[in-house]
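Asks: Each chain is listed here by its residues.
Number of protein chains: 2
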Amino acid sequence: MICNRMDIQQYMSDLGARARAASRHMARADSGAKNRALAAIAAALRSHRSAVLDANRQDMELATKNGLDSALLDRLELTPARFDGMVEGLEQVIALPDPIGAITDMSYRPSGIQVGKMRVPLGVIGIIYESRPNVTIDAASLCLKSGNAAILRGGSEAINSNQAIAECLRVGLREAGLPEDAVQVIETTDRAAVGELITHPEYVDVIVPRGGKGLIERISNEARVPVIKHLDGNCHVFIDVDADHEKAIAIAINAKTHRYGTCNTMETLLVHEGVAAQLLPTLADQYRSAGVELRGCEKSRALVADMTPASEDDWRDEYLAPILAIKVVTDVDEAMDHISQYSSGHTESIVTENWTRARRFLAEVDSSSVIVNASTRFADGFEYGLGAEIGISTDRIHARGPVGLEGLTSQKWIVFGDGHVRS
Amino acid sequence: MICNRMDIQQYMSDLGARARAASRHMARADSGAKNRALAAIAAALRSHRSAVLDANRQDMELATKNGLDSALLDRLELTPARFDGMVEGLEQVIALPDPIGAITDMSYRPSGIQVGKMRVPLGVIGIIYESRPNVTIDAASLCLKSGNAAILRGGSEAINSNQAIAECLRVGLREAGLPEDAVQVIETTDRAAVGELITHPEYVDVIVPRGGKGLIERISNEARVPVIKHLDGNCHVFIDVDADHEKAIAIAINAKTHRYGTCNTMETLLVHEGVAAQLLPTLADQYRSAGVELRGCEKSRALVADMTPASEDDWRDEYLAPILAIKVVTDVDEAMDHISQYSSGHTESIVTENWTRARRFLAEVDSSSVIVNASTRFADGFEYGLGAEIGISTDRIHARGPVGLEGLTSQKWIVFGDGHVRS
Chain A
-13 MICNRMDIQQ YMSDLGARAR AASRHMARAD SGAKNRALAA IAAALRSHRS
37 AVLDANRQDM ELATKNGLDS ALLDRLELTP ARFDGMVEGL EQVIALPDPI
87 GAITDMSYRP SGIQVGKMRV PLGVIGIIYE SRPNVTIDAA SLCLKSGNAA
137 ILRGGSEAIN SNQAIAECLR VGLREAGLPE DAVQVIETTD RAAVGELITH
187 PEYVDVIVPR GGKGLIERIS NEARVPVIKH LDGNCHVFID VDADHEKAIA
237 IAINAKTHRY GTCNTMETLL VHEGVAAQLL PTLADQYRSA GVELRGCEKS
287 RALVADMTPA SEDDWRDEYL APILAIKVVT DVDEAMDHIS QYSSGHTESI
337 VTENWTRARR FLAEVDSSSV IVNASTRFAD GFEYGLGAEI GISTDRIHAR
387 GPVGLEGLTS QKWIVFGDGH VRS
Chain B
-13 MICNRMDIQQ YMSDLGARAR AASRHMARAD SGAKNRALAA IAAALRSHRS
37 AVLDANRQDM ELATKNGLDS ALLDRLELTP ARFDGMVEGL EQVIALPDPI
87 GAITDMSYRP SGIQVGKMRV PLGVIGIIYE SRPNVTIDAA SLCLKSGNAA
137 ILRGGSEAIN SNQAIAECLR VGLREAGLPE DAVQVIETTD RAAVGELITH
187 PEYVDVIVPR GGKGLIERIS NEARVPVIKH LDGNCHVFID VDADHEKAIA
237 IAINAKTHRY GTCNTMETLL VHEGVAAQLL PTLADQYRSA GVELRGCEKS
287 RALVADMTPA SEDDWRDEYL APILAIKVVT DVDEAMDHIS QYSSGHTESI
337 VTENWTRARR FLAEVDSSSV IVNASTRFAD GFEYGLGAEI GISTDRIHAR
387 GPVGLEGLTS QKWIVFGDGH VRS
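So the protein lines, in turn, are chains A and B.
Mind the numbering: the first sequence is residues -13 to 409 in the numbering used here, read in order.
Mind the numbering: the second sequence is residues -13 to 409 in the numbering used here, read in order.
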C-alpha cells in the first residue's frame, strides 16, 4: 500500500526505470516477437474473461454507489460485446504492418556517404486516460507494436478492471519472452502519481493524455515531457454556392447527427448566401426532426423560423450535443476567415463542385483534417486506414490529426560509409 | 524605448499577434513569391553591406569594452567573408525544393473516400540564439522558405548587427509583396522578452533555442510552447575487432581532430580489445602530435604510456576541446551498453567489416545519427543534403538530428469525397 508522497516518488521512479529498461528491449524486438506477444495477450484475455468482467462489475458497483453520472458509467462498463471488441482490436493490431526499422530516402551525397532515415520507437509512452477500460488494451497494443514501452494510468473508477487487464498483459508478455515491464499499469489511484509521470523526461519520452479538456490542459501546463494532445473539436462544414445540393444535405446532416458526442462532429454549419434560401429550410426541418436545436446568425434566422440567435460563444463552443450553430456567409473567404478565427483546428469540410475553391480550401484551411465533399465524421484513425488510433492530435508539431502506429515512432538518420572522413 | 515589464508584455503580444497574422499569409505564399523575397533580401543585404558591417563593428567595440571573451568575440564578428557566406546561404535556400503543399500517400479507403497528407508550415517559429549575427539570416531564410513566420531573438551583444540585418529583411519582404512581419527581430535586449516569447502558444508554435546548455535547459524548463532543442553532443566511435585498420585510424582521427568545438566531434573512443594493442599506440601517437590530451580506462592505459586515468565524468563530458576519453571493450555489446549509458543520443559510429555487427549497431543504437564506417563529423544538415539546418535536435519527437526545411513543417490530413457520409 502506497501511502505518502515519498513512497509515490519512489514507486514512480522504480516504475520509470523499469519502463526505460524494457523500452530498450522492445526497440530490438522483431515483428514476430511483438505479434506473438499481442496474440498471447489476446489469449490471456480470453482465458481471464470472467475475472476481467468480475473486476469491471466491482468498479461499476462502486461507481454507482459513488454517484458517477450515467454517461461515465456507460463508458466504464465492459459489456461482453465490448470485451470481445477489445480482443478483436488486438488482433487488428497484429495485422498492421510493423513500422519499426523501415529505411527510407537512402541517397548518395557528393562526399560519397549514403544517407537515409530509419524509423524507430519513441521510447517510453505515458498514457493518462479516464473511464473506458478498453483503452488499456488499445493503448498497450499500439505501444507494443510500435516497439515502445508504456506506462498506463487509468481512472481511479476503473482501477479493478485495469488491474485485471494488466495481469493479462503480463501473462502475454511473459509467454512471448518479452519484458513484463514493457507495459505497466500504475497501481495507485493517488493523483501525485500523475504529477511524477509527467515531469521525468529521464523515464518518459512522451505523454498522451486522453480525457476531458480540464485534464488535458492541466497536464499540458505541468508536463516537463512532450505531450501529444487533443483539445477541442469545433468542426465546420461550409456549403459553397456551387455545392451539389443533394451531397450538401447528406454531408451536413451526417456531420451533425451521426453521433453527437464525438470530436469530429460538426458544431457550426457555414452556408453560402447564394444557396442559403434553398438549402437552410430543408436542412432545418431535417435537423429538427432529428432533435437538433438550431442557433443562427441574423441572415439564417431570416430564412428559418424560430431559431435562437447565435451568440459569440456559439461560434466557439464544442457542444458535444444535439445543438448546431448556423452562419450564412458571403463567400469562401468569409467562411475561411470564420474558420480561422473560431475553429479549434480539428476538422473542416467544404461542399463544392468548384475546382478552384476546393483547392483553395484544401491549401488554406489550417486544420489537422481538411475535407472536400465528405462528412467531418471520417476524421478518424480507422477510417483513415491507421488500423487504430492512440488519439487525435490538435498539436502542430510531430503529429496532426489521428495518431496511429507511425505517430508513436520517429526517424533517426543512418549513414553508410566505406572509411569516409570529412575534409 | 521599452522600459518596464508591462511595456515588454504589450510589445511582445503586439509582435506575436502580427507574427500570427503574417503566418497565415506566408502559409499561402507560393514558391515563386517566397523565392523572390529571399532574392530581394539577398539584394538588400548586398546594397546595405557597409551599414551592416558598420553595425557589427559597433557591436564588436562594445563587446570588447565589456570584456567579452575571445571565443565569443570571434563568433560575433561579421567579417566580409562571413557576410558573403551569409548572402550565399540565402541563395542556397532559394535553390532548395519548397516542401509546402506536397501531397503524399493518397489512397482509397473501403468507404470510398480518398485519404492522404499535405505538408504544411508549423506557423510561427521563435528562435533564440547567441552571438553569431549570420544566424539571423540562416533562420529567417529557412522559416520563410518553409512558409512560416519567425520571431528572432539574438544576443544582446549582437543587437546592432541584428537590427541592421532586420532592416534588409523588411526591405526584401516588402519588395516581394510579402508581409514585413513575416520575420521580426526583437528590438529589446530585456530578458523578460524571452520569457514572454516562450509562454504564449497563441502566438508561437515552436521554439528553437540555439546556444549554451544553460540557455537551452532554462528555456525548456520555462517554455509553454513545444521546443526543438539540442543539448549535448557526447559522440562515440567504436572500432570493432573486424574493423579495417586503415579506415579505423582515418575515422577515429577525423572524428576527433577535424574540429574540436562542434557537437558532432567524437568525445569517447571505444576500441575492441582484440585490436586495441595493434591500434591504440598508433592512434595515441597521432592524437598527441595533433595536441589531443588522452584519458583512458585501465586496459587502454596498459597499452599507451602516460595516459591520464579516465574518471566517470570523462565518459559523460562533452569536452568541446582537444581531449579524448578512450575505453577498451570486450565486444559490440559492451560498446553499445556504454553508449546507451553515457551517450547524449547525438551521433555514434561503428567501424567494422562485419555485416551482422554493423546491422546490430544500426538497429540498436538509439541516437539521432547512427553511422557505419564514416566519421561522426558527417552528422550535419549540409552533409545530409538538407541544404541548411536550423539546428540539430536531440529530442525524440517531431525531428531527430539535423533539422532543415522539413523539420519546420508538419503534415495535415486531406480527404477527397464525392458526397460521402459515414454510415
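Some hints could be false.
A pair counts as met if it fits within one copy or between any two copies, since identical chains are not told apart.
With a straight-line Cα cutoff of 20 Å, these simulated SDA-like cross-link-like pairs (lysine to any residue) come out [claimed, not checked]:
1) K199 with R95
2) K51 with D40
3) K233 with D218
4) K51 with C283
5) K285 with R95
6) K103 with T395
7) K103 with P83
8) K199 with E153
9) K103 with E375
10) K103 with G247
11) K103 with A37
12) K199 with I80
13) K199 with A26
14) K398 with C283
15) K199 with G247
16) K398 with G373
17) K103 with A349
18) K103 with I239
19) K103 with L58
Worth flagging that the hints you see were computed from the coordinates, not collected in a lab.
Asks: Now look at each hint and say whether the structure bears it out.
Replies: Evaluated hints:
1. Proximity of K199 to R95 under the C-alpha cut-off of 20 Å is found in neither arrangement, the shortest distances being 47 Å within a copy and 31 Å between copies.
2. Within a single copy, K51 and D40 get their C-alpha atoms as close as 17 Å, which meets the 20 Å cut-off; across copies the closest is 77 Å, which misses it.
3. Taking the closest pair of Cα atoms, K233 and D218 never come within 20 Å of each other, the shortest separation being 27 Å inside a single copy and 56 Å across copies.
4. Proximity of K51 and C283 under a CA criterion of 20 Å is satisfied in neither setting, with 45 Å inside one chain copy and 64 Å between copies.
5. In this homomeric assembly, K285 and R95 never come within 20 Å of each other (Cα to Cα): the closest approach is 61 Å inside a single copy and 38 Å across copies.
6. In the homo-oligomer, the alpha carbons of K103 and T395 lie at most 20 Å apart both inside one protomer (12 Å) and across protomers (17 Å), since each shortest distance falls under that limit.
7. Taking CA atoms no more than 20 Å apart as the test, K103 paired with P83 passes in both settings, with 18 Å inside one copy and 19 Å between copies.
8. For a Cα distance limit of 20 Å, the shortest separation of K199 from E153 qualifies neither inside one copy, at 30 Å, nor across copies, at 43 Å.
9. When the C-alpha separation of K103 and E375 is checked against a cutoff of 20 Å, the pair qualifies only between copies, where the shortest distance is 16 Å, while the shortest distance within a copy is 24 Å.
10. Taking identical chains as interchangeable, the C-alpha atoms of K103 and G247 are never at most 20 Å apart, the minima being 40 Å within one chain and 26 Å between chains.
11. Proximity of K103 and A37 under a CA criterion of 20 Å is satisfied in neither setting, with 45 Å inside one chain copy and 43 Å between copies.
12. For the homomeric pair K199 and I80, neither the shortest alpha-carbon distance inside one copy (32 Å) nor that between copies (42 Å) is at most 20 Å.
13. Taking the shortest alpha-carbon separations for K199 and A26, neither the intra-copy value of 35 Å nor the inter-copy value of 45 Å comes in at or below 20 Å.
14. Proximity of K398 and C283 under a CA criterion of 20 Å is satisfied in neither setting, with 51 Å inside one chain copy and 30 Å between copies.
15. Taking the shortest alpha-carbon separations for K199 and G247, only the intra-copy value of 14 Å comes in at or below 20 Å, while the best inter-copy value is 46 Å.
16. Proximity of K398 and G373 under a CA criterion of 20 Å is satisfied inter-copy only: 18 Å between copies versus 24 Å inside one chain copy.
17. Taking the shortest alpha-carbon separations for K103 and A349, only the inter-copy value of 11 Å comes in at or below 20 Å, while the best intra-copy value is 28 Å.
18. When the C-alpha separation of K103 and I239 is checked against a cutoff of 20 Å, the pair qualifies neither within a copy, at 44 Å, nor between copies, at 26 Å.
19. In this homomeric assembly, K103 and L58 never come within 20 Å of each other (Cα to Cα): the closest approach is 44 Å inside a single copy and 35 Å across copies.
Checked against the numbered hints above, the structure violates hints 1, 3, 4, 5, 8, 10, 11, 12, 13, 14, 18 and 19; every other hint is satisfied.
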